[in-house]
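Asks: Sequence:
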Amino acid sequence: MGNLHEPGRPEDLPDAELLWKRWAGVAIATFDQGKQDGPFQRFAGHWIDDKGVHWDDSGCTWWVMKWFGDGRALLVGEDESSKVKFHETPIDVLAGAPDWVPRNYLLDLIDSAMVGCVYWFDEGAWHRAPYPNDLSDDGLDSGISTLTTRADAVEKITDRLMFSAEDTGIVDLCDQLVDAAERGAVTENALRTFATEMARLQEEYYPEDDYDSDEGFQPKTDADIAAMFALARRAGLDTPSWTGALGVTN
6 MGNLHEPGRP EDLPDAELLW KRWAGVAIAT FDQGKQDGPF QRFAGHWIDD
56 KGVHWDDSGC TWWVMKWFGD GRALLVGEDE SSKVKFHETP IDVLAGAPDW
106 VPRNYLLDLI DSAMVGCVYW FDEGAWHRAP YPNDLSDDGL DSGISTLTTR
156 ADAVEKITDR LMFSAEDTGI VDLCDQLVDA AERGAVTENA LRTFATEMAR
206 LQEEYYPEDD YDSDEGFQPK TDADIAAMFA LARRAGLDTP SWTGALGVTN
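Numbering follows this note's numbering, in which position 159 of the sequence shown is assigned residue number 164; successive positions increment by one, without gaps.
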């Protein structure tokens, strides 16, 4: 954390397609079929579903990014550091938003006191509503900064899979996958190679009798690899010129 302004500024965020693919790459790298199939489709971590790409710690921060296609994207969420909904003068986080931004969806979240900030990407740039000068934070830094650089995203993966950056090979392996995601070059074979090497490193550095079997990198079956690649394709990680959309709502 600490990479962004407090409160956040639109220019703090990378290009929307880059952020989307990096975020989805983290979700693929940390994929866990058991949690993906959970009853509430919500768990601590990063994941991809029909609603977009998610980051949620099941505690004090939650975020979702939705890709509308045609260079348009929405980022909404909340970190406990946000002071937006508690500001003395109410802040209209949708002020200035274009017509395509899904107001009904967002107003439901706002009415449920679940929104710390809203950013949208349109015409090649990020935007947000204007803030009063005395607003100290909107939560963007604490919530999203780890996805704004590749190095931080790689660190998020290694932390999530309970590796140390000092474990030889782990940083390069994760960086290669995130790089492929950012370039739209993820293949099923690349995911298989990633999973095989991760399992080898897990066994080398943290043999099963030294860690909880529910933690760390879980070995992947052929079905897991197929599911990972299906999600990667769903998020456009298999092509440098994705024309799809994901998470579009009213």
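Hints listed in this document are in silico derivations from the structure and should not be mistaken for laboratory results.
All C-beta atoms in this analysis are idealised placements derived from N, C-alpha and C, irrespective of residue type, glycine included.
Any given hint could be a false lead.
DMTMM-like cross-link-like pairs, simulated, lysine to aspartate or glutamate; straight-line CA separation at most 25 Å [what the hints assert, rightly or not]:
1. K90 / D61
2. K56 / E202
3. K88 / D139
Label pairs and their calculated CB-CB ranges [said to hold, decoys possible]:
4. L99 / D172: 42 to 48 Å
5. H10 / R108: 22 to 28 Å
6. G129 / R205: 28 to 34 Å
7. N194 / A156: 23 to 29 Å
Asks: So which of the earlier hints does this model not fit?
Replies: Violated hints (numbers, rising): 2, 6; every other hint is consistent with the structure.
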